[in-house]
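Asks: So the sequence lines, in the order shown, correspond to chains A and B.
Just so you know, we're using our numbering here: the first sequence kicks off at -11 and counts up by one.
Just so you know, we're using our numbering here: the second sequence kicks off at 218 and counts up by one.
What the hints contain is simulated information worked out from the structure, not anything from laboratory work.
Where hints are given, some of them may not hold.
What the hints assert, rightly or not - Incomplete in silico selection of chain A near chain B, CB under 7 angstroms:
| # | residue |
| --- | --- |
| 1 | A155 |
| 2 | V235 |
| 3 | S236 |
| 4 | L251 |
| 5 | V255 |
| 6 | I303 |
| 7 | L374 |
| 8 | P448 |
As the list claims (entries may be wrong) - Now the stretches of chain B that chain A is said to cover, found in silico as 3 or more residues with beta-carbon under 8 angstroms:
| # | segment |
| --- | --- |
| 9 | 221 to 232 |
| 10 | 239 to 247 |
| 11 | 289 to 299 |
| 12 | 359 to 366 |
| 13 | 400 to 413 |
| 14 | 421 to 429 |
| 15 | 455 to 463 |
Idealized CB from N, CA, C, for every residue including glycine.
If you want the building blocks of each chain, they are given just below.
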Amino acid sequence: MHGMIMVVYMLTAIFLGGFGNYLIPLMIGARDMVFPFVNMLSYWVYLLATLVLAASYFVPGGPTGAGWTLYPPQAILTGTPGHEWGIILMLSSLILFIIGFTMGGLNYVVTVLQARTRGMTLMRMPLTVWGIFTAAVMALLAFPGLFVACVMLLLDRTLGTSFFVPAIVEMGERRDYSGGSPILFQHLFWFFGHPEVYIVALPAFGMVSDLISVHARKNIFGYRMMVWAILAIGVLSMVVWGHHMYVSGMDPLFGFFFAVTTLAIAVPTAMKVYNWVVTLWRADIHFTTPMLFALGFLVTFVNGGITGLYLGNVIVDVPLSATLFVVAHFHMVMGIAPVLVIFGAIYHWFPKITGRMMDERLGKIHFWITFLGAYAIFFPMHYLGLLGVPRRFYDMNDATFVPHSAVGLNIFMTTMALFVGLSQLIFFYNVFKSLRHGASAGGNPWRAASLEWQTPETPPGHGNWGKRLPVVYRWPYGYNIPGAPDDFVPQNAPLQKGEHAT
Amino acid sequence: MAVALVMALVVVASLLFHFLSPWRPTQIESNWGFIDDTLTLTFIVTSIGFVAVILFMSYCLYRFRHQPGRRSTYEPENRRLELLLGGITTVAVIALLAPGLLVWGRFITPPGDAMEVEAVGAQWSWSFRLPGADNRFGSTDVRFIDANNALGVNPADPRGRDDLIISNGELHLPAGKPVKVLLRSIDVLHDFYVPQIRAKMDLVPGMETYFWFTPTRTGQFEILCVAYCGVGHPQMRGTLIIDSGSDYQNWLAAQQTFAHLRKAEAF
């Protein structure tokens, strides 16, 4: 439940559903998403999906205890909690979510392709839009894999089909299944599950690029490379799913293929990291709260990214797979890093959404506790994985290979997690306080160049742009252009004398 | 200033933790030292990257922090720098991948003279089977599983009559001989993992999987299941005991064959 809620119902929904719907029209100069009705429908179906999922806490047997991967046969057999109703509600909820997402996803893609204002070429879009757009295309390709897996597993559970379950004896009793393949489910799940990582990461990549650029008062370095890197990651991420299955019993020859594709994806990803830090070179860095969160993202993402090189390289994965090393890796890279971006993005765009600034002092306290606290939880966790401590154990019993000091480390991580979790109240307090009492923001408090900050009203009125749509003359990173009087030039400001169109 | 310092300290603290903390890989007791070598290589290469990127970032944060009158330099791209960084990364990735794939090639190719044992997982215990005097396993099927035949050995298969059935969760192996472990599950996914051996592999119902290793030292180790298999998952333990040659022969002689077990039950 925790994993599925966080990855699908929280991260995917916030990045694409939340920021996607809000930022795409504003950033490309459109009045709204192109299919407003479908958009509304998508939201209600999403809400229904979350209610169905939440309902599993109130059914006999409780929610499914199958882990977020829902691997059959375990997920639908009696040895797993929630096998009566919980698993049925989980699968139904996912099916609903994917239906809702497909409507939203089509909307993002069509809006970006069709509704850009005059002058807004594809290569003048902010990287945020590139990230969300590519993620939406990937999601439209990847979610059907999960969809069919859910439908088939639901049939195995309810009608007794045998898509994923071979002939088995459960607790001494012969079950009426035969011929199914548990590994088929894993292929379908990870065909969705791996792109899903990048469905979350690419919007985060895009937003963090924009945050760094605005608050360092400098154009993002290597914009074209950044766009190509997003596309390369998008394509490659569709052919790396097998790295979740190195020790699953699939044909070991696949290990060669998936290790090569997985490590290949490190190259465009590293290029993005280099371009973010090179953007800071000869910049004019303002340590605002959004900037701090962007920097926190860089540290946690680089840290979590390099441990991916351990797990992606098939033989190195063998001892580490299914240990706490994996848990530490993915929490760092797709838990902490994207969540830091979400916070940074909220601090950054809150003034546009509400017309008021958030409290900077509280924001900075929130940042330092969250960033350093989360790092202190997940960095040491890798070392428990190196020891060989497996994940999904609530009890190690008297395992002799684990030194007693590891217990102390476990207690430290738990305490820290509770502390960091509680400290998020600072953020919510800040949001609600600033909604009413925040300092007035004006239209463009960060002096940003991209289009969403140039709306005639703040918060943007219905239709976003008043009577006339804006016309775009340059890219969204016009900071400190030589010869310009100000340190930023909005995308919709007419070309200056002697300025080359970008 | 402070931000730059803290970010640099995060790097320093991470490195100190790595070298000073008491938690390191469990002492290896198999031939898979190569796996540990690839791990060390990965640590060296990736740590250089981590330290370089974050320290460079920290330097920029200090050097280019906002001060009155500062303006940033306008530089949209620098093709040479981007190609250089991309090239270095590609080389580093190949340096990790090439040895990794070589070792993977060995990992999936058991030596021809490896002795075979079978490990069978069921919620939530381990059983084992050895091929017996004829050195061949009898065929199996879940249809044959009953209270007296937990592993589903085919009673009609002559090759299975001398198979040794070990149902107390304790597997003995001789030190120094390569072993190919055949893996079978009769209910859900399990995974055979002994931290000291390094190797692990899933047990998948409906098919047979395998891995191999050579135990290098006598001793007693825990077998864990590391593929989540329901509420009893953490309690699914077995014991691997690596014996000297004579101890192993003694243990072997004390095990019961499938045929013997069937006869005992028939009475």
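Asks: Next step is simple, just say for each hint if it's right about the structure.
Replies: Do the hints match the structure? See the list:
no. : hint       : verdict
1   : A155       : 5 angstroms, holds
2   : V235       : 5 angstroms, holds
3   : S236       : 5 angstroms, holds
4   : L251       : 5 angstroms, holds
5   : V255       : 5 angstroms, holds
6   : I303       : 4 angstroms, holds
7   : L374       : 5 angstroms, holds
8   : P448       : 29 angstroms, violated
9   : 221 to 232 : holds (count 4)
10  : 239 to 247 : holds (count 5)
11  : 289 to 299 : holds (count 9)
12  : 359 to 366 : holds (count 4)
13  : 400 to 413 : holds (count 9)
14  : 421 to 429 : holds (count 5)
15  : 455 to 463 : violated (count 0)
In this structure, the earlier hints numbered 8, 15 are contradicted, and the remaining ones agree with it.
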